[in-house]
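Below are the chains, spelled out letter by letter.
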Amino acid sequence: MSAHSSSSLSIRDLHASIGDKPILKGLTLDIPKGEVHAIMGKNGAGKSTLAKIMAGHPDYTVTSGDVLLDGESILGLEPDVRARLGLFLAFQYPMEIPGVTIANFIRAALQARLPEGEELEATDYYAKLYAKMDALSVPRNFTSRSVNEGFSGGEKKRCEILQMAMLEPSYAVLDETDSGLDIDALKIVSAGVNALRGPNIGMLVITHYQRLLDYIVPDKVHVMSEGRIIHSGDKDLALKLEAQGYDWVEKEFGESGTKAA
Amino acid sequence: MSITTTSPAEIGNSGNSSNSTNWPEWFSKDQNEAWELFQSLPQPKRNDEPWRFANLKALDLSEFQPAKPVEDKAVLIARSSGLADLAAKLVFANDALIHREVAGLPAGVLLLSLEQAATEHEELFRKHFMSTEARLGSKKFAALHRARLRSGAFVHVPRGVVIERPIEIWHWVEGENATILPHTLIVLGEGASVTVIDRFVSSRDERSLAIAVNDLTVGTNAKLHYVGVQEWSDKATAFHLNTTEVEKEGVSTALQMNLGGAYIRGESDSHLLGEGSRSVMLSINPANGTREIDQRTFQDHFSPRATSDLLYHNALADSSKTIFAGLIKVEEAAHETDAYQKVRNLMLSDEAEANSMPGLEILADNVRCTHGATSGELNEDELFYMMARGIAPKQAAQLIVRGFFGAVLEHLENRDLQDHLGEILDHKLNL
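As they're listed, the protein sequences go chains L and F.
This note's numbering puts the first residue of the first sequence at 566, with every later residue one more than the last.
This note's numbering puts the first residue of the second sequence at 334, with every later residue one more than the last.
Mixed in with the good hints there might be a few duds.
[Said to hold, decoys possible] Counterexamples of contact, computed for chain L against chain F with all Cβ distances above 12 Å: (1) 582; (2) 630; (3) 645; (4) 670; (5) 678; (6) 692; (7) 707; (8) 745; (9) 753; (10) 791.
[Claimed, not checked] In silico lysine to aspartate or glutamate, DMTMM-like type, Cα no more than 20 Å apart, as pairs: (11) L:752 <-> L:784; (12) L:586 <-> L:600; (13) F:761 <-> L:681; (14) F:472 <-> F:404; (15) F:727 <-> L:681; (16) F:460 <-> F:358; (17) F:362 <-> F:466; (18) F:761 <-> L:749; (19) L:607 <-> L:733; (20) F:727 <-> F:713; (21) L:697 <-> L:720; (22) F:727 <-> L:683; (23) L:752 <-> L:699; (24) F:727 <-> L:643; (25) F:761 <-> L:683; (26) F:581 <-> F:665; (27) F:675 <-> F:714; (28) L:607 <-> L:779; (29) F:727 <-> L:684; (30) F:460 <-> F:523; (31) L:693 <-> L:661; (32) F:568 <-> F:366; (33) F:662 <-> F:694; (34) F:727 <-> L:661.
Read the hints as simulated data drawn from the structure, not as lab findings.
Heads up, the beta-carbon is just placed ideally off N, CA and C, and yes, glycines get one too.
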């Protein structure tokens, strides 16, 4: 057991499937608060599935193992309860919600975190919202636009990071936040993520490309293949994967079943 | 003679004495004829097409009584607080005008009680007051309305006059089994423009009956925005009967929001009279509990190049029920008509029931008519996305419903009005 278990996001020998098809096959990972970990892997390795399962997506069934948030199991909890406990998922494909403005959406999410009968203070809320929007170069008139509706890829991702900044989670899973971004958008999003780094948050960055990790430099890099973490290393591992591809690591570690540290 | 058991025997009788003083003599005769018509017309029957799927039991009005004067006018006036920036406000309570407040109306605009309009502007009143027959099923109830009418609002905006700020008209009902007959008559001269908001409210959580009528006449090149915000108590029975007539190049945009009531029957009849005229017909219907919202609409195109655009959004929770029956009719002369009709049902419960009956009748050439009805459930992916932000499923569903209705509000041009109605919706949906 990790020394960080009481202050970490811990995935323990997790097995999960969709229908009869196993997707996660004994995945173990520990993300201590204050650290940024990256998961890399080929398409189909199960990276996005892992993100959805942690968030509690109803399509997946966990067959064994556990996910612990600061030592408490969150399996069996509804997605909204997990979120209120401090888990945040930045979606690879954020949903469009017609007619619901960003301002109202985030306000509802913050309101949901308050005790019954307590009202969010509107002035403070908007001051904070505008400050975070400015920092992420999100135009202020976005507050009255429907969530993600008609947004470009970059706008959607910035909006995800805006939500993360407003909700201040203890743990955040960023699912392919770099996909669909040009270099300028990537820099803005990365700067937004870096601004949130610190001792009070643990982050798991899921990505297909090393490029993102030039901007969000991880403390650890894990390689995922066929539903498991097959190898872990420091940030240099990402560079090696970029240069040499995934075949060597799968050959070296895949079949032996070596587990991540 | 004995009065049929399904009629509200005494409705309006207590008002007769005041009628004789406030209304002109000729109107009493008019009312007597209407009363005879009411009595001669049969109750709607199961096989009547305009009442298909309808709950005919809700049409038993026998227990309703005439409304007595309200207990505390000052309280209702204080509660009549809507848009902050208004041109004028009228407050009616149990069919009596109890408050009139004018912040600024351009010269020539008439904003009067109906009885004053009938007395002082007889010709105008006669020309526009219930001048077209209620032809979507409620002829009998329209006759009752006319027979027992005691007051109402009269808005006349003469040629070329534009009223920038909205006019708000409140209609309160108070008293167990009380009956009111709200009426709003709006006449816009050539090139005139105004926004009118009717607010229909119960002062207490009581059973009541309202038979509300609005006549909207939009002159050549004139522009009307009309909104009815219906917030009767959840025990109320209400009829909301609309007729809209639009002359050449005129535009009417009318929205009915049904936020309350146990049984609501809505009839909306648009006459596209002039070339290039336009009627936008919108409705927002959150149905929950055992509420029934029964709406019948008519887009009747008489002239070439007119457009009509109907969008009704129903969200059905619990064991609520909605009925929509809409007809687009393109008369022989109405070439190049562009008519659109869409009703969307968002089903939030397996117990709820939505009936949609769109219809088309085309007698002209070269027209474009689109109609359709869709029913769908909450999108699971949207729900998951919102829950992943910490929003509980029930609240997430309410937000999605709010968004579903927001898509209708977007058809209003006035942003402040959109926001205001959005706030009323937020309050209703507990957001």
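Hint check:
| no. | hint | result |
| --- | --- | --- |
| 1 | 582 | holds, 18 Å |
| 2 | 630 | holds, 21 Å |
| 3 | 645 | violated, 4 Å |
| 4 | 670 | violated, 7 Å |
| 5 | 678 | violated, 6 Å |
| 6 | 692 | holds, 20 Å |
| 7 | 707 | holds, 16 Å |
| 8 | 745 | holds, 17 Å |
| 9 | 753 | holds, 21 Å |
| 10 | 791 | holds, 25 Å |
| 11 | L:752 <-> L:784 | holds, 19 Å |
| 12 | L:586 <-> L:600 | violated, 32 Å |
| 13 | F:761 <-> L:681 | holds, 18 Å |
| 14 | F:472 <-> F:404 | violated, 33 Å |
| 15 | F:727 <-> L:681 | holds, 15 Å |
| 16 | F:460 <-> F:358 | holds, 17 Å |
| 17 | F:362 <-> F:466 | holds, 18 Å |
| 18 | F:761 <-> L:749 | violated, 43 Å |
| 19 | L:607 <-> L:733 | violated, 30 Å |
| 20 | F:727 <-> F:713 | holds, 13 Å |
| 21 | L:697 <-> L:720 | holds, 14 Å |
| 22 | F:727 <-> L:683 | holds, 18 Å |
| 23 | L:752 <-> L:699 | holds, 15 Å |
| 24 | F:727 <-> L:643 | holds, 13 Å |
| 25 | F:761 <-> L:683 | holds, 19 Å |
| 26 | F:581 <-> F:665 | holds, 17 Å |
| 27 | F:675 <-> F:714 | violated, 25 Å |
| 28 | L:607 <-> L:779 | holds, 19 Å |
| 29 | F:727 <-> L:684 | holds, 18 Å |
| 30 | F:460 <-> F:523 | holds, 16 Å |
| 31 | L:693 <-> L:661 | violated, 23 Å |
| 32 | F:568 <-> F:366 | violated, 31 Å |
| 33 | F:662 <-> F:694 | holds, 5 Å |
| 34 | F:727 <-> L:661 | holds, 19 Å |
The structure fails hints 3, 4, 5, 12, 14, 18, 19, 27, 31, 32 (numbered hints given earlier, in ascending order).
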